[in-house]
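Starting from the given sequences, assemble the full structure and let the hints guide the process.
These are the residues of each chain, in order.
2 protein chains.
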Amino acid sequence: MPRKSSTEPRIYHLHVENSRKRQALFHLTEPIYAAAVKRHRALAKKLKVTIGWDGDILDEALKTADFMINSSPPRERLRERAPHLQWIQTTGAGIDGLLPLDWLPADVALTNNSGAHGAKAEDYCTMALLMLQTRAPAMFANQRDGKWVPIFTMPIAGKTAVVIGFGDLGSAAGRAARKLGLKVIAVTRSGKAAKPANSACKVTRIESVLPKADFVVVTTPLTAGTRNLLNRARLDLLKPTAGLINIGRSPVVDYDALSDKLEKNELAGAVLDVHNPEPLPADSPMWTTRNVIVTPHISCDDPRYMDFLCDTWFANFARKLAGKPLTNQVDRALGY
Amino acid sequence: MPRKSSTEPRIYHLHVENSRKRQALFHLTEPIYAAAVKRHRALAKKLKVTIGWDGDILDEALKTADFMINSSPPRERLRERAPHLQWIQTTGAGIDGLLPLDWLPADVALTNNSGAHGAKAEDYCTMALLMLQTRAPAMFANQRDGKWVPIFTMPIAGKTAVVIGFGDLGSAAGRAARKLGLKVIAVTRSGKAAKPANSACKVTRIESVLPKADFVVVTTPLTAGTRNLLNRARLDLLKPTAGLINIGRSPVVDYDALSDKLEKNELAGAVLDVHNPEPLPADSPMWTTRNVIVTPHISCDDPRYMDFLCDTWFANFARKLAGKPLTNQVDRALGY
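Chains U and S, in that order, are what the protein sequence lines are.
Going by the working numbering, the residue at position 13 of the first sequence is 13; the numbering climbs one at a time, nothing skipped.
Going by the working numbering, the residue at position 4 of the second sequence is 1004; the numbering climbs one at a time, nothing skipped.
Facing chain S, a subset of chain U residues (Cβ under 7 Å, in silico):
{"hint": "1", "residue": "150"}
{"hint": "2", "residue": "156"}
{"hint": "3", "residue": "282"}
With a straight-line cut-off of 25 Å between C-alpha atoms, the simulated BS3-like cross-links for lysine-lysine are:
{"hint": "4", "chain 1": "U", "residue 1": "195", "chain 2": "S", "residue 2": "1179"}
{"hint": "5", "chain 1": "S", "residue 1": "1179", "chain 2": "S", "residue 2": "1239"}
{"hint": "6", "chain 1": "U", "residue 1": "320", "chain 2": "U", "residue 2": "46"}
{"hint": "7", "chain 1": "S", "residue 1": "1179", "chain 2": "U", "residue 2": "179"}
{"hint": "8", "chain 1": "U", "residue 1": "202", "chain 2": "U", "residue 2": "192"}
{"hint": "9", "chain 1": "U", "residue 1": "192", "chain 2": "U", "residue 2": "179"}
{"hint": "10", "chain 1": "S", "residue 1": "1264", "chain 2": "S", "residue 2": "1212"}
{"hint": "11", "chain 1": "S", "residue 1": "1179", "chain 2": "U", "residue 2": "183"}
{"hint": "12", "chain 1": "S", "residue 1": "1147", "chain 2": "U", "residue 2": "21"}
{"hint": "13", "chain 1": "U", "residue 1": "212", "chain 2": "U", "residue 2": "264"}
{"hint": "14", "chain 1": "U", "residue 1": "239", "chain 2": "U", "residue 2": "202"}
{"hint": "15", "chain 1": "U", "residue 1": "147", "chain 2": "S", "residue 2": "1147"}
{"hint": "16", "chain 1": "S", "residue 1": "1183", "chain 2": "S", "residue 2": "1239"}
{"hint": "17", "chain 1": "S", "residue 1": "1038", "chain 2": "S", "residue 2": "1048"}
{"hint": "18", "chain 1": "U", "residue 1": "179", "chain 2": "U", "residue 2": "195"}
{"hint": "19", "chain 1": "U", "residue 1": "324", "chain 2": "U", "residue 2": "48"}
{"hint": "20", "chain 1": "U", "residue 1": "48", "chain 2": "U", "residue 2": "63"}
{"hint": "21", "chain 1": "U", "residue 1": "63", "chain 2": "U", "residue 2": "320"}
{"hint": "22", "chain 1": "S", "residue 1": "1021", "chain 2": "U", "residue 2": "147"}
{"hint": "23", "chain 1": "S", "residue 1": "1195", "chain 2": "U", "residue 2": "179"}
{"hint": "24", "chain 1": "U", "residue 1": "38", "chain 2": "U", "residue 2": "48"}
{"hint": "25", "chain 1": "S", "residue 1": "1320", "chain 2": "S", "residue 2": "1048"}
{"hint": "26", "chain 1": "S", "residue 1": "1183", "chain 2": "U", "residue 2": "179"}
{"hint": "27", "chain 1": "S", "residue 1": "1324", "chain 2": "S", "residue 2": "1045"}
Derived from the structure by calculation, the hints contain no laboratory data.
Just so you know, even glycine gets a beta-carbon here, dropped at the ideal spot from N, CA and C.
Below you can see the structure in the form of structure tokens.
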């Protein structure tokens, strides 16, 4: 795209790259972009937008693109192929699939879609906490088998939830737990308490809080530091009556150890929304592990997902034009 | 039991009758009574207590009993067999099994255990509303079949719940719904709004609110007036995206019509805790009805159930000694 002379307003090129391999929910289609333009008319006038599918126009678009929305950006010789590229927006919150970030030119910003997930994550965690407290995994197995086995459980208020990670999803889990009358302990890098947690603990001291948990909610991104954080030894610190919820990333928890413990009744239950690989294969033993509820990575996404992404992107674009720092920037050192 | 002379304190005879056919949760055993005595020492000193099982000492006990705790009181010639009986306490909230009350002498009070169920009912309704919103019934069926089928749904806030009956259980359902950000319409006899409902509607005008419901929560006792209240014609007024929760009594809803509509996708789902008969037989088609979650009548009871019953009973006993009216009295005309 030829650059305009300096007396005319600068037009930026935004290239949107979609992958048909991803769910339709995560496709930024022409109609979704057109709807976003109606909400951001003035900003949209400063853009030329191209929308590609599975790389069909990628190489051509890269030549002039200033910005890109792309969850699997091309990593090979990126600066050479995309000389004007300043900013890549991913469509998900987790960028573990892009690590390590050594392919990313130092002057290209990387932003994620953190913040899109709060309301759904809060609903999901509220439901999952109550399902664990009510022993719903056992009830659903009994329904499958046509067995009437009443299990009476106490109200959930007063129990303790340990929430691992306390960003967008962790705060949502914290709100869910507080709404149900639970005490919330946040496990974070800093160990500084953040609302709505009642208290916090450094991740380096996680062993001190795991024995207190009636529920553990895993919400962390996957990084070198969180991989296998809940390993077998740490899972062994949990009460046998405890339940585990994972809405973060599956490799943060040793699922083999988790399954062993569930089968032996050394843990009361688990509600798992994230798996490895996804889709979970039909022959995975996880589907039928004792006292597990498997959901297909739906905890944090709602049908308006890409509308929200567009709104977040336009708000960031306005910041960029105003010379302000972008929000939702990935920290290269931390990897999220 | 011989009456003491008037200079000595009056000792009352409380007979507790248990049925081994009922779940252990509903047995008022010696240890449970002994624990209650520790909480109510002064009052307990005014009592002689007998505990019978399946009628083993019933006839003898009736001769002197002033009070009885019994969910299936003897109906035949009750006044003749129990000349001193003043008050019967049932262990459940619903007394539909005792209707009509023509067997009950006019001067014998009948109280139920309403009020024991609020906290659990609130938890259950919170969970059930979110399960319907998240389309959990379909997800659990997919888990059973090892199928990964992501279904993305909106956050629940802003939806409308129509709660039928607004006593102890209905208020709990209302609190659950409000906590999740829902609008609550209570359907009651009087049609007067009661907190935490946003508005109310007379049961005679129920047709006007059913089309507004995203969720219907049935909490009414079973009486002549509520039997088949949600018949096929009224279920037909619901949106096809609506879900139904029943924690009251099953005959309030036409389950055959409900099942038909669920199988045809004319309703989105149902979470049913009450059934007919209970236990639900292993060959009941309800276990496998499309988009139904069956739970075994556990929504409103917790393991402290009989402790709570004892506390309620002692509080009422204190009222009786003070000449005050009993709480939780069943209205003979209304039948609940």
